[in-house]
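**Q** Listed in order, the protein sequences are those of chains A and B. Just so you know, the first sequence maps onto residues 882 to 1182 in the numbering used here. Just so you know, the second sequence maps onto residues 5 to 263 in the numbering used here.
By construction, these hints were calculated from the structure, which means they are not laboratory data. On a predicted model such as this, the values are computed, not experimentally measured, just so you know. Be careful, since some hints might not be right.
The calculated DSS-like cross-link candidates involving lysine-lysine, where the alpha carbons are at most 27 Å apart (straight line), are [unchecked claim]: (1) K1104(A) / K1025(A); (2) K93(B) / K1104(A); (3) K164(B) / K1162(A); (4) K919(A) / K93(B); (5) K188(B) / K969(A); (6) K188(B) / K1013(A); (7) K1013(A) / K1025(A); (8) K1025(A) / K161(B); (9) K1025(A) / K93(B); (10) K929(A) / K1025(A); (11) K164(B) / K1103(A); (12) K929(A) / K919(A); (13) K93(B) / K164(B).
One-sided excerpt, in silico: chain A residues whose CB lies under 10 Å from chain B [what the hints assert, rightly or not]: (14) S1044; (15) G1047; (16) F1050; (17) G1082.
For each residue, glycine too, the CB sits at the ideal point set by N, CA and C.
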Amino acid sequence: MPAAPAAVSDTPPPGAPAQETGTSRQVSNARAFIEFEKVSVRFGRGDKQVQALAETSLRIEKGDFVALVGPSGCGKSTLLKLVGDLMKPSTGHVYVGGRELGATPIRIGMAYQNPTLLPWLTIRDNVMLPLKIVPPFRAEFLAKRRTEFRDKVEALLDQVGLSGFGDKFPWQLSGGMMQRANLCRALIHEPDLLLLDEPFGALDQFTREELWQIMQELWTTKKTTVLLVTHDLREAAFLAGRICVMSARPGRILDDSAVPFARPRTIDMTYEPDFVALNQKLRGLIVAARGGTGIVRTKGH
Amino acid sequence: MERFRELVRERAASIGLIVGVFVFWEAACLIGGVSDIVLPRPTQIIAALVEYWPAIRPHAAQTLYTTLVGFAIGVAVGILFGVAIGSSKLAYDTAYPLLVGFSSIPKVAVVPIFVLWFGAGTAPAILTAAIISIFPITVNVATGIATVEPELEDVMKTLKASRWDILWNVSLPRSMPYFFASLKVAVTLAFVGSVVAETVASNFGIGNMMMVASSTFNVPLVFAGLFILAGLGVGLYAIFSVFEQRVTGWAHRKDLAVT
């Protein structure tokens, strides 16, 4: 049984670069795998300036599965983009793998709600795409794409229940299957860090729960550090080892707590009193953050 | 067999319409007693085609040549412009107004300038065909590239993909349906360009042949020229359609979809 997930897991995924070997500025206390140091983000300028993220400090250890929950517009996705180096902070520093962003040698995988598979490629070629781009695979792509890499893709497809679908095109798959392929594409290059932005948001409940289980299995076998942005509190509590609740305008982290349930978790567990209680606590925090009462007004819209 | 019958049924209507138009044309001219100097009947045009074929052939070849060379230049430049403009928001916003300005100039009006620069003959025809086909290709390629899903771009960026990686693996293939749609438009436009240039400033090509024929009131031959142009245009359009189906079948996937 995996240990309490909030604890630091010091088993880096195979092939991951050693931590803290960078020449960039080191501080006396060792940096966490992901570290936000007084980071804030503002959009626009002048009167129209919007504070998307208030000054935030956050540490995420290697191997953690952290969920970010909160109302829409609370800066969850902004946080994710900062980690993925898709955006620069207005103030403060973001360190990933011990180095400031931009100089990070780590590999990142990313999956959005929209699977964005390339329609002209088969599922196999779609999943293989990162191997074509990310070093060290890149250099060997032409030599190995019909042998080793192909097997690698098949193994991963098999793990998410898509064996035999490699030759299909994305439009021939259901939404849930496309999202599985999307996960595979995000994981094929053995990333040290996986960024998920509501990856299961557009799926029906049963498909979603199925994918939670697949995700859990993927995480337990690969031990990748995962940052998951979601609206779904059950999803957060099912998958994550740690949940950060955020509030909106400006976005800030209100609550940061470990999820105590042992893994592997089952869907049935999500209906047990402890689990429900955690969900209710989270929900209360978010409702309070939205400034509402949590009671839905039934006035027609 | 079933598939074949379906195809025949699909085609039958359009073939019927084409034949119907010609029959109507023939009948209207006969019944109305229209002189062949005003509007020759289809049969007269075909007779002229057959009669003058040895004379028409080199002109047709010349027009096809200038059109295709001009079109090829247009495609190359169009792709280059399209990629340049589509790859960056700044370039898109900056260059678009200029491009629209250029495109709104009637291309026919630049023929005299080309004649001034290069003399009458083949060069103005090629250049006019080129310049007229650049715009639709540029716009379509740029649109295809500029409309890549932002999520997909993020995914590629987190993989530390270079601009070239993104262009080659995502943007260019993605813009192919747009590109081929524009090719079909551009190739017919290229004919307009080359024929107009030949009409104004050349002593060779279908355009010139039609000019000469009309000055001698050989109206059936003028119409024969039109038929040749229509035939060439339809032929090239068809070739690019087949091409499009082959290369960008994924964009027309209705028939293949499994729901």
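**Q** Which numbered hints turn out to be false for this structure?
**A** Those not satisfied are hints 2, 3, 4, 5, 6, 9, 10, 14, 15, 17.
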